[in-house]
Amino acid sequence: MLKNKREKIYTILIGGQAGDGAREAGVNLARLLCKMGYYVFASMEYPSLIRGGHNFCRVSFSKEKIYSDYRELDAIIALNQEIVDIHRNELKKTGVIFFDNNLNSVSGKSGQLISLPISSYAKELNAPTLARTAVALGSLCYYYDLPLEDLNLVFTEIFGTKAQINIDLAKKGFDYLQDKNFDKIKFDKPDKKIKGQIIDGNAATGEGMVAAGMKNYIAYPMTPATSVLHHLAKQASKYDLKVTQAESEVAVINMVLGSAFAGTRTATGTSGGGFALMTEALSMAGIAEIPTVVVESQRPGPSTGVPTRTAQGDLQFARQVLGEFPRIVLAPGDQQEAYELGGKAMNLAWQYQLPVMLMLDKHLSESLSNADLKKIKIKPEKIKMGKGGKNYVRYAFSKDGVSPLCFPGTPDTIVKANSYEHSEDGLISESGEMTVEMFDKRFAKMKNLEKEITKMKGVRIYGDKKSKNVVIFWGSTKGAVLEAIKHTKKSIKAVQVLTLEPLPTKSLIGVLKGAKKIADIELNYTAALASLIREKIGIEIKNKILKYDTYAFEPMELAKKIDKIF
Amino acid sequence: MTVDLNTKAKNTWCPGCTNFMILTAFKNALTELINEGKIKKDKVVVGAGIGCHGKIADYVNVNSIISLHGRVVPTMTGVKLGNPDLTAIAFSGDGDSYAEGMEHLVHASKRNSDIKLFVHNNQVFGLTTGQVTPTSKKGYKGKSTPGGSIEEPINPSLVMLSSGATFVARAYTGDMVFLMQVMKKAILHKGFAHLEIIQPCISFADTRDYFKEKVYQIDSNLPKNDLKWAMEKVQEMEKIPLGIFYEVDKPTFEEQL
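Here the protein sequences line up with chains A and B, keeping their order.
Using the working numbering, read the first sequence as starting at 1 and increasing by one per residue.
Using the working numbering, read the second sequence as starting at 1001 and increasing by one per residue.
Calculated directly from the structure, the hints in this document are not laboratory data.
Among the hints, a few may not be true.
Reference listing, derived: stretches of chain B covered by chain A, where coverage requires no fewer than 3 residues with Cβ under 8 angstroms from a Cβ of chain A [stated by the list, open to error]:
hint, segment
1, 1053-1059
2, 1064-1071
3, 1138-1151
The beta-carbon is built from N, C-alpha and C at its ideal position, and this holds for glycine as well.
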């Protein structure tokens, strides 16, 4: 529990079946709130199908920075009956349900139900079904005294020439309640604008990699990594970026290696099963020392698992990808860090000539929050280039393990890369001595790499930094943890690990030393981070809060679990 | 002018291996193309998969990347994506490309990626000491099929034609000059070129006598843009036709990006 006064947190859920446009409406609401100066966190839930099903976007917002959405709701916008039935018991006492008046069996306390002619207005204006959520957003603007003109601005920014129908529908929704002289409820209004934008984790990751010089993105669609591909394909011409969809993850990763070998900063994105297919080539990136970046957005496995949900089950697998070679595994915890580490992943891959895996998960990939990307400076960092010429060899021994890099096409220079063990010139070698020398050369990179990890703050601390009650976590769990410790009975020190390989052991020992009690919080069954810490620094974390029901942690629930331990 | 294409790598192919013919033909093709000013040595990238064929990358002094088993085609597509100015020549084997990596050949053909693929087709896995491949004849007795293979072989040239390859040719190691000439044409072709190089494996599938009798060259003056004719031609079994069956000009994948 923190001593400072907390700002109120509000939550609105917009839901319907797939194809109803609930997600887009939720994102537009989040954009409106962000424009007003609110900090926002929006999460998406949907099953793996195209039409029907139970879909919703949940938007929490506050005057202070928030890192997660909450279950308790101020309002529901229901486009079908199922949304009302499933979520009505999550309403606060003052909460309301806005629903389409074509739903016939919505019942409840008076004052709690606000029936709106959502579909009939859409019909009246000849609007596409998808646009009908604009009616509800207009009504919301009236009811909570949100500026309708800002909503119209959002529509114009997003829909361009097609914005007018949304603007008209929103006005209808606004007027409907105004004409009835409905009582308004006022949220605590933000006093100032905030810098930045709202962005989801996948787009932020893509932007970060582009900022670090990525010119090729090659992928095969797989939920929840697919929107990296979508986002970059849309931005391709703006960034002079080539985006390619190949026939399989196996093809993709080998293309990534070829492209990087030819001298172009390249990345791919995938999820568990696709990542598994890529591992043989990642191993080649290890021995051939080809800079490679893979975004791994985790979903619950094993195998096909639960495709549209979230989990943190692939950490040990990424750390152990086939064979012994230096690799980097990074895990951002929020959208801003996804941008930061997206850039970092690309730069480290090229500075150290090795594969970098960036671990996201569905909750981080697809949720949106405020991010001030301009605050983080990313540029393509300088790499160790070779001069080329007749005596150039690709795998020259060097003290720091990093050989000067040349690309094919350099005049009078031969560049030979190899998936076999090789000598300095890149020719196949089966010599035991040479194998030892090459292993030692590759692992010599670790020394500088460990310094790098410390410099980039691979361990970050939040909450009460002096507290002896410590929770430790990695990845998107950050959101719920940082919210939960606002509500716990005892003050908590929260420790985030962003670099899982190499593990920043010295920093971790420093942070965990002196703790009275430590709890490990992860979205998996086997507590990968706790195992890793035990393996690397010998500290056994007995208290674990693990969840593998495919949903992200909810802050209040998590706070209760933390309270039980401390 | 001689172009120094030798490396210091020790050649580990079996003495008398027909890969030597492919290596010599390739070096001659490169030398001629470089001397004719048609390609630049610095811009050549040789890719290879895994198998006996793959060692060729070590024996030619140009840029090279030895990829994974079956994956040389996507690796080279990547090379072209990374730098479209490079001349991408991939070597592969019948195990490497028609077993492990067949999907990539189909898709590279479909997208007309600007890669030249030379497949050492000896109808057997050599480096793993003699098992059937997708082009082994039915009845082939290898270590994994002591009773004889029960599967019919595929016809790689036919697969490539039906997948959209814009250059489909076949050559035989028994005629090195002809092989070199077809290699040169393949290298100069803009788009995906598939050259199936039939070769005996002197250790595990010695087909020297069989092919010597069977192969013949097609009339090189025939039009090369007749897909139907080409598809019929490559299926001839009584005699085995060699030459360029199909060659058309289409925009490449990389230039359309």
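Evaluated hints:
Check result for the segment 1053-1059 of chain B against chain A: holds, 3 residues qualifying (beta carbon to beta carbon below 8 angstroms, three or more required). Counting residues of the segment 1064-1071 of chain B whose CB lies closer than 8 angstroms to any CB of chain A gives 6, which reaches the minimum of 3, so the coverage claim holds. Here's how the segment 1138-1151 of chain B fares: 0 of its residues keep a CB closer than 8 angstroms to some CB of chain A, so the rule of at least three is not met and the hint is violated.
Against the hints set out earlier in the document, a violation occurs for number 3 only.
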